[in-house]
Every structure is written in structure tokens, then in C-alpha cells.
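Based on these hints, arrange chain S on the given structure of chain F.
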Amino acid sequence: MLIIVIYILVIILCASIKKVNAYDAFLEGASSSFKTLKNLFPSVLAMIFAINVFTNSGIFDFFTKVFKSEHINILSLLQIFIKPISWSSSLVLMQKIFDLYGVNSKIGILATLIQGSSDTAIYVVALYFSSIKMQNTSHTTWVSILASFVSFLACGILVWLFF
Amino acid sequence: MNKVWNFLLICGIIFAFITGSLDKVGEVILTSATDAFNIFLKMALLIVFWNGIFNIAIKASLIKNVTKLLKKPLTFLFPEIDPKTLCMDYIASCMVANILGLGLAATPLGLKAFELLQKENSNPNIPTRSMITLVLLNISTLTLFPTTIISIRKLSGGNTDFPLILMMILVTLIGFIFTIFLDRLIYVIKKKKHKC
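Protein chains in written order, with numbering that gives the first Met the number 0: chain F, 0 to 162; chain S, 0 to 195.
For reference, chain S alone in the conformation it holds in the complex:
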């Protein structure tokens, strides 16, 4: 992040020198704080609200109810884990939380599952196949309810039509499928290398 930040500032100021818009930049620097506060306020209030709603969902164990449906497809993704173990429960709950858009709830569940996987790992310095899959799936999961982003769009006066939401779901689906595909591919290639 540091590099990106430095790049933006240095690039911006040098360009301002060249194009002669230094006055404008100077003015904008001074209004940055107010600008930041306005954007922060908009985001912050929404985050507080959604965290409240999400916490109800967590407390009502909404996640557990949907988890049962996911067990079967997950054995395909994690063939090395016994579906009856606690670890699989955590993984399934984590995926459900991601799909429902409860990102906040997903992280602790995922971390718990990751820890359990590490305990069973025979070589603690190299991540196992399941561990890699878990992290990758956490990064690009199918999200059916992108709640926070929709709210921000609405607050900024944008449309939140169904087609747009469908597109958001589609994009996450593409990322999801691509990740699974690539993860499998790498696994197969690595396995072949070991045999040779």
C-alpha cells in the first residue's frame, strides 16, 4: 500500500508542476480532510448498521441451517477431509457466510478451520492441498447478497436494479469457477511432477 500511496502523491505533484495546476492541487489538499470525513461518514454508518444485522443472523444460527445443503459439493472440493469432522463443519459454515454476504462472520470461521487443518498437517512448514483451497475459496467466493455495496450505491443515488445485482453475482461466480479450476490444475501438475 505504501508504494501505491507514494506513487500517487509523487506522480500527482510532478504532473501538477508540468501542467501548472499547482494552485488547484494546493487547494484540494486542504479540503481533503473534509472530503474524507464525508465519505467516511457515509461508509461508517452503513458498516455499523450491517454489522448489527449480520450479528442477528449469526446469533440466530442462520448459517448452520444452510450448511447442511453444502456438505456434498464441498466433499468434491476438499476430497482429503472427512465430511463428518468438525473441520468440515467450519469450512461449510465459512462458505455459507461468504455466500450470504456475511463477510464479517466468515473470517473467524475460516481461520478456525485453517488452524484445525494445520494441526493435521504432517509437514507444518508447507501448506496442505486443503489449506490452499480454503484460502483461495475465501478470496473468491460466490456472493449472492452483496449487501454493503448495494447500500452504498443506493445512498449515492444510483440504480440498484435486479440486472445489476445479477451481474455482480455473475462476476463472483466467474472468479469462483476460475479459482477452483486453477487450483485443481496446479494440483494435478504438481502430482505429476512428484511421480517423475
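Pulled out of the complex, with its shape left as it was, chain F reads as follows:
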């Protein structure tokens, strides 16, 4: 928590040294995010709907019976697959995992690490290459997805080692 407070302090100090109107800048930034939020709600709703149906269908009991292990969690697996596609859906999934298992549980921490690991690979590649209307993405797509999975693996190992 200390980090966040210091971070904000540095930003405000920097602004006052440079004589920037921090108040106006804050208002401008905050109001500009409403445009993003308008598009965010439908995708959150869609994701929650699907996750709710999925989690309550009894698939969990089936899964634990098949694997006979509590170490493999289906929601974490799902998050790993969704993270490279959609940032907001993965965030929703993280929130859902927090609600179901607790924030400080192993799975909750794993979800946090996965969410913080790498950016939304497929989305970013599409954004950059469509901005200059280029079709050929060379090896970017698969390298970025591979890198995402490597960092997910690192998340798993770290959680397994320390918690």
C-alpha cells in the first residue's frame, strides 16, 4: 500500500515542480475514461453470465473427481486461456476467483499474478498491425503468446514455491 501512496506523491510533486495544473489534469483524465467504460460494461456482463453458468453447472465436482487433485483449478486454467485474448474478461475472472476462494488463497494470488504478468497478446498485436493496415504479422503472434505462457508458468512456480 505504501508504494501506491509514494507513487501518487511523486506524481503530484513532479506536477507542482513543473507548474502543471494537476487538478485539471486529473479531471480531464478521469472524464476521458468514461468512453472506455461505456464499452466495458457489456463485455463484463457477457463474461459474468458465461462464467456463472459455467461455474454453477457442477463441472467443478466432476473435475475434482477426474483429477483427484486440488492443485489443478479449472478457473485458473480458464484465466490462462482468456488472458491473451481479453484483459477485461480476465479481470472479471480474477474478481470471481477472489469471491469464490478468497483473495489471499493460493488461487487468488495466482490469479493476481496472472493478471499482472503480460499484456493481452492477441489484442495488442491486432491493434498495432491494424493501425498501419499490415496483414503480415511475422512471428509476433506466436512469440507473444509463448512469452505469455512462460510468464504464466513462472506465476505457477512462484506460487507453488512460496505459498
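Fair warning: there could be bad hints in the mix.
Claimed, not checked - Where chain S lies over chain F, by a calculated footprint (3+ residues, C-beta under 8 Å):
id: 1; region: 24-38
id: 2; region: 133-139
To be verified - With a Cα cut of at most 27 Å, we get these calculated DSS-like pairs of lysine-lysine:
id: 3; chain 1: F; residue 1: K34; chain 2: S; residue 2: K41
id: 4; chain 1: S; residue 1: K58; chain 2: F; residue 2: K34
id: 5; chain 1: S; residue 1: K190; chain 2: S; residue 2: K70
id: 6; chain 1: S; residue 1: K41; chain 2: S; residue 2: K118
id: 7; chain 1: S; residue 1: K2; chain 2: F; residue 2: K18
id: 8; chain 1: F; residue 1: K132; chain 2: S; residue 2: K190
id: 9; chain 1: S; residue 1: K67; chain 2: F; residue 2: K17
id: 10; chain 1: S; residue 1: K153; chain 2: S; residue 2: K71
id: 11; chain 1: S; residue 1: K118; chain 2: S; residue 2: K2
id: 12; chain 1: S; residue 1: K118; chain 2: F; residue 2: K34
id: 13; chain 1: S; residue 1: K83; chain 2: S; residue 2: K111
id: 14; chain 1: S; residue 1: K111; chain 2: S; residue 2: K70
id: 15; chain 1: S; residue 1: K23; chain 2: S; residue 2: K2
id: 16; chain 1: S; residue 1: K41; chain 2: S; residue 2: K67
id: 17; chain 1: F; residue 1: K17; chain 2: S; residue 2: K70
id: 18; chain 1: F; residue 1: K37; chain 2: S; residue 2: K58
id: 19; chain 1: S; residue 1: K70; chain 2: F; residue 2: K37
id: 20; chain 1: S; residue 1: K67; chain 2: S; residue 2: K118
id: 21; chain 1: S; residue 1: K41; chain 2: F; residue 2: K132
id: 22; chain 1: S; residue 1: K23; chain 2: S; residue 2: K58
id: 23; chain 1: S; residue 1: K58; chain 2: F; residue 2: K17
id: 24; chain 1: S; residue 1: K63; chain 2: F; residue 2: K17
id: 25; chain 1: F; residue 1: K132; chain 2: S; residue 2: K111
id: 26; chain 1: S; residue 1: K71; chain 2: S; residue 2: K58
id: 27; chain 1: S; residue 1: K83; chain 2: F; residue 2: K105
id: 28; chain 1: F; residue 1: K132; chain 2: S; residue 2: K118
In case anyone wonders, no lab produced these hints; they're calculated from the structure.
All of these numbers come straight from a predicted model, not from anything done at the bench.
Glycine residues also receive a C-beta, built at the ideal position from the N, C-alpha and C atoms.
Below, chain S without anything else, positioned relative to chain F:
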């Protein structure tokens, strides 16, 4: 995304048929909207707040000050770009924004740099080496201040100890190093193929 969504719904409903928990699923579908609204509210308010803070950082040109430090290591990553050009400035600022956790500021800077690189590209249908590196680094960068996620954890009543934050930084570092390594490796392999 469409495929994942369909998969979740179809799988869920079929399983509900098999296990006989249809009533529960039906109930849950109806509460989904409220559920979604609560989660959305939590996320949305935080995003509004952080966007405000980030905008101060952008306006105060905090990024420019740190950029100077990054020039040297970046010439190693982008050997084809002259470090004195405007393009390199954009790349450096973009990386700084990513490291500071200002993802919102990073994207427009990165796109600008990408456009400039495309202008210098001799073959406009194939991305150059620098362009590929830029996109890859944008996806997995070292992040020292994962602000949004820490705030969400805190709001949900979780711990945000220093070791946890350190782990988050470590994970991004691993992704970062792996990406650089793989990008280099592919470049070397491709170069050898051309010679043969």
C-alpha cells in the same frame, strides 16, 4: 473471444443437464446482471481514478525525465534505429510508460513509433526487425508499479505485502527477458537462412 464464450455457455448448460443442477443455473443466470454490475462498479471507479492520476503524470512530462536513462539499453534492443531520431524518443517514452504502469499512456506512444518505423520500411508488406521487437516488448514489459491490480486486491480485502508486489515484478521480468531472448534467437536463425 466468441469461441470461448460459446464454449463456456454450451459446456455449462450441458453439464447442468447431466448433473441435474439446472435449477441452480437458471437462478444464477437471472442474478448475473446484478453480479456483473457490482463487479463493473468496483473496476470502473478504480479505472476512473487511476486514469486521473495517470493524466497528471503525463501532463507533468514525468515520462520524459526518465526516458534519458533508457536510451543506452534501448540501442542494444533496437540496433537498427539511430538513437538520436524522434522515433527512438517515442520508443523510449513508450517503454517508460509501461514500466511505470501507465499502460494508457504507452499505447498511443507505441503506435506513433510503429507508424514512424513503417515509413522507413523498405518493404511495406513485411514488418522490419525493429517493428517486431517493438510490438513484442509492448506485450511483455517489465512493470514496476502494477497499480490497478494492487488496488483491486486491496479493495477485495486482500493483502498487498511487499513480497507479493516483488513477485509480480519478477513475473513481468521473466516474461520480458524471455521475449528478448526469443526475438533475438529468431532473428539470428532467419539471418542464417537468408545466407544459405
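Taking the hints in turn, this is what the structure says about them:
A count of 11 residues in the region 24-38 of chain F with a Cβ less than 8 Å from any Cβ of chain S is obtained; the coverage claim is therefore met, three being the minimum. Residues of the region 133-139 of chain F with a Cβ under 8 Å from some Cβ of chain S number 7, which satisfies the need for three, so the listed coverage holds. Of the supplied pair hints, the one linking K34/F and K41/S holds, its CA atoms being roughly 17 Å apart against a limit of 27 Å. Our distance criterion of 27 Å between C-alpha atoms is met by K58/S and K34/F, whose separation comes to about 20 Å.
Proximity of K190/S to K70/S is assessed by CA-CA distance (about 26 Å); at most 27 Å being required, the pair is judged to hold. Taking the CA atoms of K41/S and K118/S, the gap is near 42 Å; set against the 27 Å cutoff, the hint is violated. Straight-line distance between C-alpha atoms of K2/S and K18/F comes to about 50 Å, which puts the hinted pair past the 27 Å bound. Restraint check for K132/F and K190/S: satisfied, since their Cα atoms lie roughly 26 Å apart, inside the 27 Å limit.
With a C-alpha separation of about 17 Å, the suggested pairing of K67/S with K17/F holds against the 27 Å cut-off. Between K153/S and K71/S the CA atoms are separated by roughly 37 Å; this puts the pair beyond 27 Å, and the hint is violated. Annotation: proposed proximity of K118/S to K2/S is violated, straight-line Cα distance about 36 Å (limit 27 Å). Our distance criterion of 27 Å between C-alpha atoms is broken by K118/S and K34/F, whose separation comes to about 31 Å.
For the suggested pair K83/S and K111/S, the alpha carbons sit about 16 Å apart, so the restraint of at most 27 Å is met. A C-alpha spacing of about 18 Å is found between K111/S and K70/S, which places the hinted pair at or below 27 Å, so the restraint holds. As the CA atoms of K23/S and K2/S are separated by approximately 24 Å, the hinted pair is consistent with the 27 Å bound. At most 27 Å may separate the alpha-carbon atoms for a hinted pair to count; K41/S and K67/S exceed this at roughly 37 Å.
Distance hint between K17/F and K70/S is fulfilled; the C-alpha atoms sit about 23 Å from each other, no more than 27 Å. Pair hint K37/F plus K58/S holds up; C-alpha atoms about 25 Å apart against a cutoff of 27 Å. Between K70/S and K37/F the alpha-carbon distance is near 38 Å, which puts this suggested pair outside the 27 Å criterion. The hinted pair formed by K67/S and K118/S meets the criterion: a straight-line CA distance of about 25 Å does not exceed 27 Å.
The suggested pairing of K41/S with K132/F is violated, with an alpha-carbon distance near 36 Å, which exceeds 27 Å. Taking the CA atoms of K23/S and K58/S, the gap is about 51 Å. The hint is violated against a cut of 27 Å. Note on K58/S and K17/F: the hinted pairing holds, with a Cα-Cα distance of about 9 Å set against a maximum of 27 Å. As the CA atoms of K63/S and K17/F are separated by approximately 12 Å, the hinted pair is consistent with the 27 Å bound.
The suggested pairing of K132/F with K111/S holds, with an alpha-carbon distance near 14 Å, which does not exceed 27 Å. For the hint linking K71/S to K58/S, the alpha-carbon distance of about 25 Å falls within 27 Å, and the restraint holds. Annotation: proposed proximity of K83/S to K105/F is violated, straight-line Cα distance about 47 Å (limit 27 Å). Of the supplied pair hints, the one linking K132/F and K118/S holds, its CA atoms being roughly 13 Å apart against a limit of 27 Å.
Taken one by one, the earlier hints fail for this structure at numbers 6, 7, 10, 11, 12, 16, 19, 21, 22 and 27, listed in ascending order.
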